[in-house]
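Enquirer: Listed below, chain by chain, are the residues.
Protein chains: 2
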Amino acid sequence: MAPAIPRLFLISNSTMHGGQYLQHCAAELGAFLGRGRRVAFVPYALADHGAYEAKAQPAFGALGCELVSVHRGDPLAAVGAADAVFVGGGNTFRLLDALQRTGLAAAIAARVQAGMPYVGSSAGTNVATLSIRTTNDMPIVQPMTFAALGLVPFQINPHYLDPDPNSKHMGETREQRLREFHEEHGTPVLGLREGCWLVVEGGRATLRGSTNARLFRRGMEPVECAPGADLSFLLAR
Amino acid sequence: MAPAIPRLFLISNSTMHGGQYLQHCAAELGAFLGRGRRVAFVPYALADHGAYEAKAQPAFGALGCELVSVHRGDPLAAVGAADAVFVGGGNTFRLLDALQRTGLAAAIAARVQAGMPYVGSSAGTNVATLSIRTTNDMPIVQPMTFAALGLVPFQINPHYLDPDPNSKHMGETREQRLREFHEEHGTPVLGLREGCWLVVEGGRATLRGSTNARLFRRGMEPVECAPGADLSFLLAR
Numbered sequence: 001m002a003p004a005i006p007r008l009f010l011i012s013n014s015t016m017h018g019g020q021y022l023q024h025c026a027a028e029l030g031a032f033l034g035r036g037r038r039v040a041f042v043p044y045a046l047a048d049h050g051a052y053e054a055k056a057q058p059a060f061g062a063l064g065c066e067l068v069s070v071h072r073g074d075p076l077a078a079v080g081a082a083d084a085v086f087v088g089g090g091n092t093f094r095l096l097d098a099l100q101r102t103g104l105a106a107a108i109a110a111r112v113q114a115g116m117p118y119v120g121s122s123a124g125t126n127v128a129t130l131s132i133r134t135t136n137d138m139p140i141v142q143p144m145t146f147a148a149l150g151l152v153p154f155q156i157n158p159h160y161l162d163p164d165p166n167s168k169h170m171g172e173t174r175e176q177r178l179r180e181f182h183e184e185h186g187t188p189v190l191g192l193r194e195g196c197w198l199v200v201e202g203g204r205a206t207l208r209g210s211t212n213a214r215l216f217r218r219g220m221e222p223v224e225c226a227p228g229a230d231l232s233f234l235l236a237r
Numbered sequence: 001m002a003p004a005i006p007r008l009f010l011i012s013n014s015t016m017h018g019g020q021y022l023q024h025c026a027a028e029l030g031a032f033l034g035r036g037r038r039v040a041f042v043p044y045a046l047a048d049h050g051a052y053e054a055k056a057q058p059a060f061g062a063l064g065c066e067l068v069s070v071h072r073g074d075p076l077a078a079v080g081a082a083d084a085v086f087v088g089g090g091n092t093f094r095l096l097d098a099l100q101r102t103g104l105a106a107a108i109a110a111r112v113q114a115g116m117p118y119v120g121s122s123a124g125t126n127v128a129t130l131s132i133r134t135t136n137d138m139p140i141v142q143p144m145t146f147a148a149l150g151l152v153p154f155q156i157n158p159h160y161l162d163p164d165p166n167s168k169h170m171g172e173t174r175e176q177r178l179r180e181f182h183e184e185h186g187t188p189v190l191g192l193r194e195g196c197w198l199v200v201e202g203g204r205a206t207l208r209g210s211t212n213a214r215l216f217r218r219g220m221e222p223v224e225c226a227p228g229a230d231l232s233f234l235l236a237r
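Those protein sequence lines, which keep their order, are chains A and B.
If you count the first sequence from 1, position 176 lands on 176 in this note's numbering, and the numbers rise without skipping.
If you count the second sequence from 1, position 233 lands on 233 in this note's numbering, and the numbers rise without skipping.
Chain A extracted, bound-state conformation (with noise of 0.2 Å):
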């Protein structure tokens, strides 16, 4: 049987086209922090700390909850003081350097394992899963490792995107990409289109959101997963 802990939101993207930052999400996030939350937020994954914090701290605020960057002090005792944590979006591997490098991956794996609500937009999305084996991003930054927090046994490809059949660019197609991950690895991936979200709470893993996610696993044909789709299977260890 699945744990019952931890509770995850992990979001694929951000900002929808036109949108504001979280707006898509909004509502349900905001019933899964619950009001009057103290929220840590880790901004390592963009260049630009303070100027990161002042673009999430409205979108918390307008839930209710009240966000503060790890930067401001030390990660650690913020991570300890917080009632959550909002891993922002940006650059996987600067953000899985930062986490490794402050003690803030084990630290805050720790506090989740114990109950610690966990919300991920993007690279903070890959960072909550087995390794970020499954990013989109330029490996800017070497971490000391590709593995990554380990919240969930399985590995998320953020902003997944489906092939274009008009393009004439030689570049590699997502799904291209996905395959040649399971050549090497045996974990499953869920891709998350922009637009959808995989809840987990209660030892139920829930796709949310207006887009299908694809699943891809080896040797299988990948499968479509709509909003709402039960996907609990992939909690087990």
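Honestly, I wouldn't trust all of these hints.
Identical copies carry no separate label here, and so any pair may be met within one copy or between two of them.
In silico DMTMM-like cross-links for lysine to aspartate or glutamate, where the CA-CA straight-line distance does not exceed 25 Å [unchecked claim]:
{"no.": "1", "residue 1": "Lys55", "residue 2": "Glu224"}
{"no.": "2", "residue 1": "Lys55", "residue 2": "Glu28"}
{"no.": "3", "residue 1": "Lys55", "residue 2": "Glu175"}
{"no.": "4", "residue 1": "Lys55", "residue 2": "Glu184"}
{"no.": "5", "residue 1": "Lys168", "residue 2": "Glu201"}
Don't read these hints as lab results, they were simulated from the structure.
With chain A held as given, fit chain B onto it using these hints.
Expert: Chain B in isolation, oriented as in the chain A frame:
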């Protein structure tokens, strides 16, 4: 002054949309190599080494060269006995990991610094540069280090792609990714659009092919470089 060696032929993409393998650069590649050369092929960027060798052989055969993949025997001995090396494209992380584990990274670099011609395509072009930090590929395998062969003292981004003004996808554009690279590093990055390649010989670096490259330097506006452009200034260490 830039050194008179190495001799490099660094291709953005092996195949143009609707074209044959290496067809778009075959005439110049033939002139670069000369006829009758034994070419050691490095197939490690793809999973099926034999199939990859079978795909590459006719293209080199048409140039009057004999191509044999290094996976058929002792890779170090194969490189030692060859007149030239061709490193094929695929997944850059898988390729660099294999080059490091086999000792080929150091062996190829030593021979190229001593004058052996190096031909790379896509991932094979990435690994010729200072590091793989500007690859487009998914990090499916973790190499010991992102440092690559360092045959040129700058970075290349193969398959360079302009932003699509009609896209509603919120993933980073290539230019945004390279700007993130320059938030962390000062090394110039040459974005090779599909259809162009860089030739280094006689201490000069020249852009060739049918498309522009785009040069990214920290703190400067990107610059377009047309086929024929002299980029030798990038060779200064």
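Enquirer: Run every hint past the structure and note whether it holds.
Expert: Results for each hint:
no.	hint	in the structure
1	Lys55 - Glu224	neither (33 Å within a copy, 33 Å between copies)
2	Lys55 - Glu28	within (19 Å within a copy, 51 Å between copies)
3	Lys55 - Glu175	between (32 Å within a copy, 22 Å between copies)
4	Lys55 - Glu184	between (38 Å within a copy, 22 Å between copies)
5	Lys168 - Glu201	neither (43 Å within a copy, 31 Å between copies)
In this structure, the hints that do not hold are numbers 1 and 5, in rising order.
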